[in-house]
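Each of the two chains sits in its own frame; use the hints to bring them together as a complex.
Chain by chain, the residues run as shown.
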Amino acid sequence: MTVKVIIPTPLRAYAGKQESVELQANTVAEALNGLTLRFGDLKKHLYSDDGKLRSFVNVYVNDEDIRYLQKDQTQIRDGDIVSIVPSIAGGARN
Amino acid sequence: MATKPEISANPGPASAPVSLSKEEILRYSRHLIMPEVGMDGQLKLKQAKVLCIGTGGLGAPLGLYLAAAGVGRIGLVDFDTVDSTNLQRQILFGTKDVGRPKIAAASDRLRDLNPDIQIDTFETHLSSENALEILKDYDIIVDGTDNFPTRYLVNDASVLLGKPNVYGSIFRFEGQVTVFGYPDGPCYRCLYPEPPPPGLVPSCAEGGVLGVLPGIVGSIQAAETLKLIIGAGEPLVGRLLLFDALAMRFRELKLRKNPDCPLCGTNPTNTKLIDYAEFCGIRGEEAPAPQTSVPEITPRELKARLDRGDDLYILDVREPHEYQICNLGGQLIPLGDLSKRVNELDSSREIVAHCRSGKRSAEAVEFLQRAGFRKILNLKGGILAWSDDVDPSVPKY
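Going down the list, the protein sequences come from chains A and B.
Taking the numbering used here, the leading residue of the first sequence gets 1, the next gets one more, and so forth.
Taking the numbering used here, the leading residue of the second sequence gets 95, the next gets one more, and so forth.
This is chain B alone, in the form it adopts within the complex (with noise of 0.2 Å):
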């Protein structure tokens, strides 16, 4: 179906011929022994131009296997700075780079692994206003995003660009890997036309991931950039591979391209980068909050009621595996549990919900008003506020 496309290295106009040095020969003899790679794909890999979108938790092994492998330029793409929640998962980073950019840290390490290469450095946003123009430089662009919007837009650029773009994706222990934008290939609209609306997609109370789940879809996503750049054995083109770490199984379904895909079938309506953030159905810097209007406490206030002696019930929506983490000494009733046990509550008291972020317990409030219950309050900012404001000790997740 697909033919292979010979990735062009697209060397400067006055470059010398390509070779390796004696240091790089023997850096690179794992690879130079092996007939699939040899001289002339390690020199192909030489030349190669890599952007990865994202150093997180697929962007980490990627990275590392890619500076290791001898991908001769990096592109790195990422906004974001170390915190200590991504160290269970994103490889690329230690202790001592908390706080730190996750771009400079990243590029230290790929600089200390293979100090032979050239790391490109974009702490950016990836926007529909600079996608084009970053992406254009490289042969292959390696999707290692968290969010729907950049998923489209990396999708939308890779394609205009006519550029290869291996798209990996994860959810607590389940992963999807496949090639797109190949030629002939199908992309990520034609997997799947729209993104989900905000309200839809799992709160975090489902949310989460096996920290070695990145390591496993990035490496995945390192092989087949590998392959595609010394075009050797089958790309995942056409092929959606499913990976469930749990059950520890792969599957592989049939990934066709869509003859009406607005981006890429026969007679394409999208020909430019749109507003992402208005395809997913998100406006400004968060999800539209539709629980505004839910009455609420603060923290600070609950905790002098509290004090104070007044009769409230406290109401812990949130899942029994975060209630083991921490909590208020609240009734546990997960907020999917909420209808079917409704009976256990007395509407006569009054009723604070609260859960990690006040998300939750909004959606627990605004049910709660419908089936009659009048004197309920949301805990503003929840759990996590409640840790700032009032009791330290309380642990944040």
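This is chain A alone, in the form it adopts within the complex (with noise of 0.2 Å):
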């Protein structure tokens, strides 16, 4: 299935720059594992070191939390689009 990945700006460094990548993928755990193999950095950015989604990274599969539809076993259908939404704060400069 072809499968559209949202990359979120915060994250977009760690991904080439992209807005967005079309992969092939059958499972949200397929398309998110795809995406690391093409963008190494993003890896420590998604996943905890225990191999966890981080909780303040959210994936929707179009608009439903997949935390409410099966985690990362979601199917992905043709044409869906897989959102990465992760925690913003504001300007804050640190």
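FYI, nobody ran anything at the bench for these hints, they're computed from the structure.
You can take every hint at face value.
Here are the computed lysine-lysine pairs in the DSSO-like style, where the Cα-Cα straight-line distance is at most 30 Å:
hint	chain 1	residue 1	chain 2	residue 2
1	A	K4	B	K434
2	B	K348	A	K52
3	A	K17	B	K434
4	A	K17	B	K453
5	A	K44	B	K453
6	A	K17	B	K348
7	B	K351	A	K71
8	A	K52	B	K351
9	B	K490	A	K17
10	A	K71	B	K348
These stretches of chain B come out as covered by chain A in the derived footprint (C-beta under 8 Å, 3 or more residues):
hint	region
11	232–241
12	254–266
13	283–291
14	340–349
Calculated from the model, a selection of chain B residues having no Cβ within reach of chain A, i.e. all distances over 10 Å:
hint	residue
15	L126
16	P129
17	G169
18	R194
19	P195
20	D278
21	G359
22	L367
23	S441
24	K469
25	G475
26	V484
Ideal Cβ placement from N, Cα and C applies to all residues, glycine included.
Next comes the structure, spelled out in structure tokens:
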């Protein structure tokens, strides 16, 4: 299945500055795996050391949060859009 | 799903029936002639009490539109002073306000806009100690803050007090807006159970914000606030609105209440406010600085050595667009490209790495040390300190 993964602004720096990436995948796990294979730097931003999706990064298939579907085993259909939506806080400079 | 609550204005014990003066009727005539607001809605606005947390980029349009719309009582919380970098987006302030407390400048501006409303000012850091006390008198809380600890604090305090929290957040040219804390609706912790650890939030290299972005996001927050007060339309509850100003596209995602949410779920375990700096992994004044161990050189030492004619290789690890703003004539290799371009560096020469503030270049020094470089120093305080201590003609940004 061809799926479009939308990369959020804060993570574009780790994904070749691209806004979205098209991949072949049957599940969310496959799509994210394909993405991190292509962009190795993304991995630590998406997954914690124990391999779990980070709790400040949400993933949606179309407009539905995968936490309320089958998590990363959620099936993808042709033309689905996978969105990565991390928390953003605002302009405070550290 | 979520039932629409009546936002109680909770008038004082001996309050007379609320009405509008002749002047107010004229001022609000464009609301009054619209059935969705009308006299009933305008009187609800007059009796409403809204607390704006932050008077910066989001708080500016928010405060202006709430005051202009006739929200009877507006609380403002901020501890900051106006500086010139704020003026690119914080449209509450003018050049004459630089150096003034934001609270003072904001309340002057809002009182000028609408002298008939009450402005309450809280010139303080919102904290676990004062939040419940400050929030309790208001009907609606609007989150216009710029950092994770305060966002979790505002969320938790709003949920504990049972008040809606109109949330907006921005990054560069993207924004998120929703309404949390609505009866049966989700809260911020349902969306994001935990904040990112400090090391993983994008550094100042990727920071910045398109000036108009908070204007748009803050205005959406204002619209949602006014709708909650007058009870009109569909509140932005259970929906996360994403806005991308570059693509000029809005998207909407479903936002569900998490039954396991520790704050608002079926069996909540968080029943009081916590230490939010600790929760967000921040200790003390600043984020922990693991880079303190890297060898450093101060701007003055660097200047002296360059004047002496020492053979130093200046490595600038900022981004190309930052190099255009100002530079020290160094070789530009952005931190993100360093691993690929490390072969361009000569490990036999002494290298001084710098960035804007010294944070990214400390990471670069650590990386290069691991890669076997021995003669490598970090410019302490970066180009900002260079401007302060050596060459004030170098602009700061």
